[in-house]
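Chains as they are written, first to last, in our numbering: chain A, 1 to 308; chain Y, 1 to 308.
Everything labelled a hint here was simulated from the structure, so no lab data went into it.
Take every hint as true, because none was put in to throw you off.
Because identical chains cannot be distinguished in the list, a pair is counted as satisfied if it fits within a single copy or across any two copies.
Listed next, the in silico DSSO-like pairs over lysine-lysine satisfying Cα-Cα at most 27 Å (straight line):
| no. | residue 1 | residue 2 |
| --- | --- | --- |
| 1 | K121 | K53 |
| 2 | K111 | K9 |
| 3 | K121 | K185 |
| 4 | K179 | K121 |
| 5 | K165 | K121 |
| 6 | K185 | K53 |
Read off the chains here:
There are 2 protein chains.
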Amino acid sequence: MNEFDLIEKYFNWARINPADIGIGDDCALISIEPGYQLATSVDTLIEDVHFPKNTSAADIAYKVLSVNLSDLAAMGATPKYFTLALTLPEFNEPWLQEFSTSLKALAKQYKINLLGGDTTKGQLSITINVTGVVPQNKALLRSSAKAGDAIFVSNTVGDAALAWKQLQQGNQPSQSLLKQFNTPKPQVTLGQALVGVANACIDISDGLEQDLGHILERSELGAQIDLADIPLSEEVANYVQETNDWCLPLAGGDDYQLCFTVPKEKTSALKEIEKELNIKLTKIGVITEQQDFEIKGLDKACQSYQHF
Amino acid sequence: MNEFDLIEKYFNWARINPADIGIGDDCALISIEPGYQLATSVDTLIEDVHFPKNTSAADIAYKVLSVNLSDLAAMGATPKYFTLALTLPEFNEPWLQEFSTSLKALAKQYKINLLGGDTTKGQLSITINVTGVVPQNKALLRSSAKAGDAIFVSNTVGDAALAWKQLQQGNQPSQSLLKQFNTPKPQVTLGQALVGVANACIDISDGLEQDLGHILERSELGAQIDLADIPLSEEVANYVQETNDWCLPLAGGDDYQLCFTVPKEKTSALKEIEKELNIKLTKIGVITEQQDFEIKGLDKACQSYQHF
Numbered sequence: 001m002n003e004f005d006l007i008e009k010y011f012n013w014a015r016i017n018p019a020d021i022g023i024g025d026d027c028a029l030i031s032i033e034p035g036y037q038l039a040t041s042v043d044t045l046i047e048d049v050h051f052p053k054n055t056s057a058a059d060i061a062y063k064v065l066s067v068n069l070s071d072l073a074a075m076g077a078t079p080k081y082f083t084l085a086l087t088l089p090e091f092n093e094p095w096l097q098e099f100s101t102s103l104k105a106l107a108k109q110y111k112i113n114l115l116g117g118d119t120t121k122g123q124l125s126i127t128i129n130v131t132g133v134v135p136q137n138k139a140l141l142r143s144s145a146k147a148g149d150a151i152f153v154s155n156t157v158g159d160a161a162l163a164w165k166q167l168q169q170g171n172q173p174s175q176s177l178l179k180q181f182n183t184p185k186p187q188v189t190l191g192q193a194l195v196g197v198a199n200a201c202i203d204i205s206d207g208l209e210q211d212l213g214h215i216l217e218r219s220e221l222g223a224q225i226d227l228a229d230i231p232l233s234e235e236v237a238n239y240v241q242e243t244n245d246w247c248l249p250l251a252g253g254d255d256y257q258l259c260f261t262v263p264k265e266k267t268s269a270l271k272e273i274e275k276e277l278n279i280k281l282t283k284i285g286v287i288t289e290q291q292d293f294e295i296k297g298l299d300k301a302c303q304s305y306q307h308f
Numbered sequence: 001m002n003e004f005d006l007i008e009k010y011f012n013w014a015r016i017n018p019a020d021i022g023i024g025d026d027c028a029l030i031s032i033e034p035g036y037q038l039a040t041s042v043d044t045l046i047e048d049v050h051f052p053k054n055t056s057a058a059d060i061a062y063k064v065l066s067v068n069l070s071d072l073a074a075m076g077a078t079p080k081y082f083t084l085a086l087t088l089p090e091f092n093e094p095w096l097q098e099f100s101t102s103l104k105a106l107a108k109q110y111k112i113n114l115l116g117g118d119t120t121k122g123q124l125s126i127t128i129n130v131t132g133v134v135p136q137n138k139a140l141l142r143s144s145a146k147a148g149d150a151i152f153v154s155n156t157v158g159d160a161a162l163a164w165k166q167l168q169q170g171n172q173p174s175q176s177l178l179k180q181f182n183t184p185k186p187q188v189t190l191g192q193a194l195v196g197v198a199n200a201c202i203d204i205s206d207g208l209e210q211d212l213g214h215i216l217e218r219s220e221l222g223a224q225i226d227l228a229d230i231p232l233s234e235e236v237a238n239y240v241q242e243t244n245d246w247c248l249p250l251a252g253g254d255d256y257q258l259c260f261t262v263p264k265e266k267t268s269a270l271k272e273i274e275k276e277l278n279i280k281l282t283k284i285g286v287i288t289e290q291q292d293f294e295i296k297g298l299d300k301a302c303q304s305y306q307h308f
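Isolated chain A, as found in the complex (with noise of 0.2 Å):
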């Protein structure tokens, strides 16, 4: 099969919006409507180094797709459209229909068109890059937090790093740790509520402690945090317990949960999101003027994950 019939068979589907030019030309063309920004962000997933070996090709694209959404949300932004720059190591029909399907069921329910791509053979790696939109100047940034806001962390962590630790032990984990694992829901509706209540925010897909220390550091300050407030799911709470690693949940990565910096006089709004949005907004810790971060109940600062 050609590039051609390859991208027409799976990847060619109908357009959101059917006035912008898609898969077919040297480029998508797509209009943005005045008082809008683009926020564009992308990622890249290698087999053996972000999902083991025998992962589904399902799985793979509702990952890749989802952890770009992800970057999308911690900016507050709409997802609008992505391309996608997928590498494989031989032609393989089957593997294609699922990853096509699994990747357009996703991309139909954020609403967001594949405008482009590019087929090359090789070691299985998917690279997708997002682009959404947000109103001109409203975009939460990391460079924006205050010093009293509140700090806030959407679900619970470490759920991720708990199911790739077991899977990398030889151990099945559950069906509840590998679900946040392989297919991790990004938090769109909930950045995109955070427009006008958070003054910062980021996803912590590299772990909350490095994460919350990009807005510290972007936005000049400190925070103060308290281990028994980060919000753990009953596993990764009974790991905790047995092993006192901490640093699971606090730098193990892979949560696509939303970290934000909430002022005061946001509080009732924030109320009004969690309960409309139902979804469990937790309270860690404040920021402050003095640019230190103190996380209550921690001996030690933990190795952060490391690309190289």
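Take the given structure of chain A and dock chain Y to it, following the hints.
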């Protein structure tokens, strides 16, 4: 070195438009002036597939950005920003320094910002997603050729394919062939000049025969071209004379030239462009109502490049 230091050191250049937020948040933010559409395209280059193993980091950087800029050129778009997904087998500082310097020089030349990226570990592979802007509804499409249009191609074809063939045979290509293979110049200025002059346009990276075929297919028209009119460098002309292998210039691929169609009334405007840009533009045939693709002088159709 962690990813943040790596990006800070090698890829966090001064931005051309400082109003936009680049590297350093979950997403880059970009403002688009009203009245413009986005044009976006993605291309991956992989070692041993798209370039030989001993290609210099400088040449790899040049080529991967250039082949992407060529897609913008084919739409008549003005380059605006790009993202980079870089997969490296190991952390190699001199390699990164050379790659970064070359990429930055070319980006500066075409006034395009690097606004996001991801670095991962694996088989050497580089994906660039390039985005440009084009006045609303003015992009040069594949689908808008008209019967009677003259068909043109810029510069010469087959040089990169001949260089690649000689390299595979263990021979050293000439400097001029190698230049077309390693550091092909993207025809961005030509593409911009053709807006309002050409009816249809494509870049012929998959080979003139196949890519002109895309214009015909999308425009639902035919063409008559003549081998005697195909513009060849002296070296490629000699090769064809010796071997009668017309498929090398017609289907060898890796030609980052533009093939475009021009209506009669724009002939003098095209002559002006040719003079002003000091570029060789050769008429190779005409678009026909009848949906046949006739190549005068060619015995049988060539085998096109297969991605799998």
